[in-house]
Amino acid sequence: MIDRLRKIYPSLLLYGEDIDTLDSDYKWFSDEENTRVLGIHESELAPKDIALLSAFLLPHNAKFPLPTKEEKQWQQAIRSAETPPGSENRISAPFRFTYFSFNKNQITPVFFKAALQELFEKQILILWDSETEGILVEKKEAADDGVSYGQIVDLLMSDLYVKIRFFSGPFRQSTEAVHAYYRTVKNTAVKVFAHSDKAAMTYADAVPHLMVAAASKELRQEIGQTVLQEYISDRETLEMIEVLVRCNLNISESAKELHLHRNSLQYRLDRFSEKTGIDIRQFHQAMAVYLALLAKRQGGQQHPPGNLHEDGG
Amino acid sequence: MAGLSLKNVKKVYENDVVSVQDFNLEVRDKEFLVLVGPSGCGKSTTLRMIAGLEDITEGDLYIGDKRVNDIAPKDRDIAMVFQNYALYPHMNVYDNMAFSLKLRKMKKQEIKTRVDRAAGILGLENYLSRKPKALSGGQRQRVALGRAIVRDAEVFLMDEPLSNLDAKLRVQMRAEIQKLHQRLQTTTVYVTHDQTEAMTMATRLVVMKDGLIQQVGSPKEVYEKPNNVFVGGFIGSPPMNFFLGHLQGEHFIVGDEKIRVPEGKLKTLRAQDYDGKDVILGIRPEDIHDEPLFIDSSADTKIRATVDVAELMGAEIILYSSIGGQNFIARVDARYGTEAGQPIDLAFDLSKAHFFDAASELRIH
Ligand SMILES: Nc1ncnc2c1ncn2[C@@H]1O[C@H](COP(=O)(O)OP(=O)(O)O)[C@@H](O)[C@H]1O
Ligand SMILES: [Mg+2]
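Residue numbers (the numbering used here), protein chains in the order written: chain A, 3 to 315; chain B, 6 to 370.
Please note: incorrect hints may appear among the correct ones.
Stated by the list, open to error - When the alpha-carbon atoms are kept at most 20 Å apart in a straight line, the in silico SDA-like pairs for lysine to any residue are as follows: (1) B:Lys79 - A:Pro111; (2) A:Lys258 - B:Lys79; (3) B:Lys110 - A:Phe113; (4) A:Lys258 - B:Val176.
Source of the hints: derived by calculation from the structure; they are not laboratory data.
Required output: the full structure, derived from the provided sequences and hints.
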């Protein structure tokens with residue numbers, strides 16, 4: 003078929019064979035299975051030609067980058083519980099999924115992939131869910147140049163004017179049950195982004211949020227009230243607790259971040275301890291206070307249970 | 006060039022957190038405006054609303070005289086610099102600066118002109134072919150600025166761009182950013198939680214707390230005439246001292262001390278019916294004196310206090326003490342050799358002090 007079409011449209015190019023980018027002066031079409039994508043120069047196409055070609059080919063959506071072979075295999079793996087057929091299979095462990103989402107109308111998937119690619123040495127793999135969200139497949143490799151997702155967020159924000167969030171699942175040592183793993187990562191991301199304002203998180207970061215969200219509203223209120231007592235609406239103290247946890251209970255570092263003198267922070271911790279009997283400098287007590295803080299933050303809301311069971315497809 | 010204007014702007018996040026409210030501000034053309042306040046007070050949210058990265062829940066935003074609430078970020082003619090000034094690790098300096106322009110399909114020659122100009126301004130001409138790994142922290146930060154400069158935007162937005170740098174480099178980069186602003190004169194909104202940074206860099210500053218503007222003014226105005234207790238305590242280091250006491254006749258009474266209130270201030274206080282009532286006295290550490298000469302001439306604002314700690318800081322000593330159970334800090338000349346443990350005389354320079362309402366904490370004037 004390609005040869006016959008080429009006789010009619012000499013400009014015809016096959017993506018991946020004749021050309022590696024989707025030139026915008028060409029009109030792009032793909033066959034049903036999206037295995038072959040061909041482009042024909044616009045100068046050779048009258049409206050009638052386009053209508054005719056569209057009858058047996060699909061106009062390619064140029065907003066999305068074309069999936070690579072490997073991406074297609076991962077797509078298959080996350081869509082069905084069965085592992086795709088063996089020999090050609092390039093899916094391999096260890097790997098992890100990092101979910102991302104950005105606001106509507108800020109950037110196209112093609113742009114996004116081009117920019118993100120520049121941050122990684124290896125070809126990146128993206129499985130798109132929609133125009134604004136998807137999964138980045140990461141292979142575990144010897145330490146990369148170490149650009150963190152937190153940095154990537156800022157970089158893309160200043161370069162592309164897009165506000166993006168990342169959520170990384172844990173690394174997996176096997177490719178079994180990719181489907182279930184995918185759903186866990188995606189559903190957790192959606193859920194935890196509703197509770198946290200951090201732009202880059204991991205599954206481990208999310209665990210306390212998830213536990214608290216799963217508690218009943220009454221329990222959340224009770225824990226918040228009982229542990230934090232009079233501090234429950236004291237923004238400064240809550241901020242202090244959060245910073246302490248983030249800084250591994252390190253007083254000097256926390257004081258610096260809170261722009262307090264070390265002694266002032268020490269003094270505030272003593273006061274907190276006098277009033278509540280809780281010493282935040284002890285790990286397990288800090289943990290209780292942190293959970294109470296999250297409970298307080300989530301306190302007033304009821305969470306739509308839909309989020310938990312939402313299908314990732 | 007352009008100014009900005011925010012009218013009754015409010016931001017409520019999906020989780021019902023009210024992050025910013027009643028936000029009214031005019032950013033003048035070419036000015037270097039600093040948003041400052043403790044973390045969580047809504048600075049970044051405000052900046053991201055200006056950028057268009059965050060929807061505005063209520064209110065209007067104008068760039069120049071155009072309402073831009075519904076304009077996409079890329080069409081707002083702004084350039085941004087953030088805290089994490091990451092660079093693309095596999096690209097050299099030139100490409101790092103050129104990348105966003107390339108993505109926008111700008112002509113090669115135009116890109117080159119802009120990158121060369123930015124590199125010239127930032128003194129990066131000799132580093133254009135280096136990879137980020139081979140740059141110092143300061144050079145990397147300059148490349149990050151370069152990436153914003155090449156945009157040729159009407160407005161710069163910077164969110165804590167220096168807070169990942171060590172103290173020495175931070176001071177150096179502050180000066181560089183100021184020089185840059187003098188040269189380019191681009192309207193800039195700069196966010197920091199660091200009051201020293203705000204004071205040294207700002208043409209005007211906006212002090213925020215809990216999503217609300219507390220005060221807008223030049224660094225000098227805000228320092229000398231804080232609107233309320235929060236601003237007084239937040240701006241200046243060591244912070245302003247506050248004493249809760251009451252006004253009795255011509256005196257402010259705190260603990261066993263009677264401090265004479267100067268005539269002008271007394272008149273204002275009486276006119277507003279504070280006689281016999283609780284008020285807060287605010288006085289900066291440098292306005293508490295231990296020089297014999299000052300004390301001799303200020304017998305009626307003299308107090309006696311025991312110094313708990315005396316920190317020698319070169320030419321100055323920071324004294325930690327208290328009266329009536331209320332702690333305060335004094336910053337005095339080191340030459341009088343005050344030491345901890347001694348009870349000493351100190352005198353307040355009440356002409357520089359402020360009174361605040363005990364309930365609303367607003368400055369009485
Ligand atoms: N994406 C978000 N979702 C929910 N709440 C947020 C989000 N971003 C910020 N907030 C909340 O809004 C308030 C102001 O945050 P922010 O603007 O980041 O403050 P600042 O920059 O002054 O530290 C905080 O209470 C913060 O938790
Ligand atoms: Mg911030």
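Hinted pair Lys79 of chain B and Pro111 of chain A, Cα distance within 20 Å: The hint holds at about 16 Å.
Restraint status (C-alpha distance of Lys258 of chain A to Lys79 of chain B at most 20 Å): With a Cα-Cα distance of about 35 Å, the restraint between Lys258 of chain A and Lys79 of chain B is violated, given a limit of 20 Å.
Satisfaction of hint between Phe113 of chain A and Lys110 of chain B, Cα-Cα up to 20 Å: Distance of about 11 Å is within 20 Å: holds.
Pairwise hint evaluation, Val176 of chain B against Lys258 of chain A, where the allowed Cα distance is 20 Å at most: holds (16 Å)
Checked against the numbered hints listed earlier, the structure breaks hint 2 alone; every other hint is satisfied.
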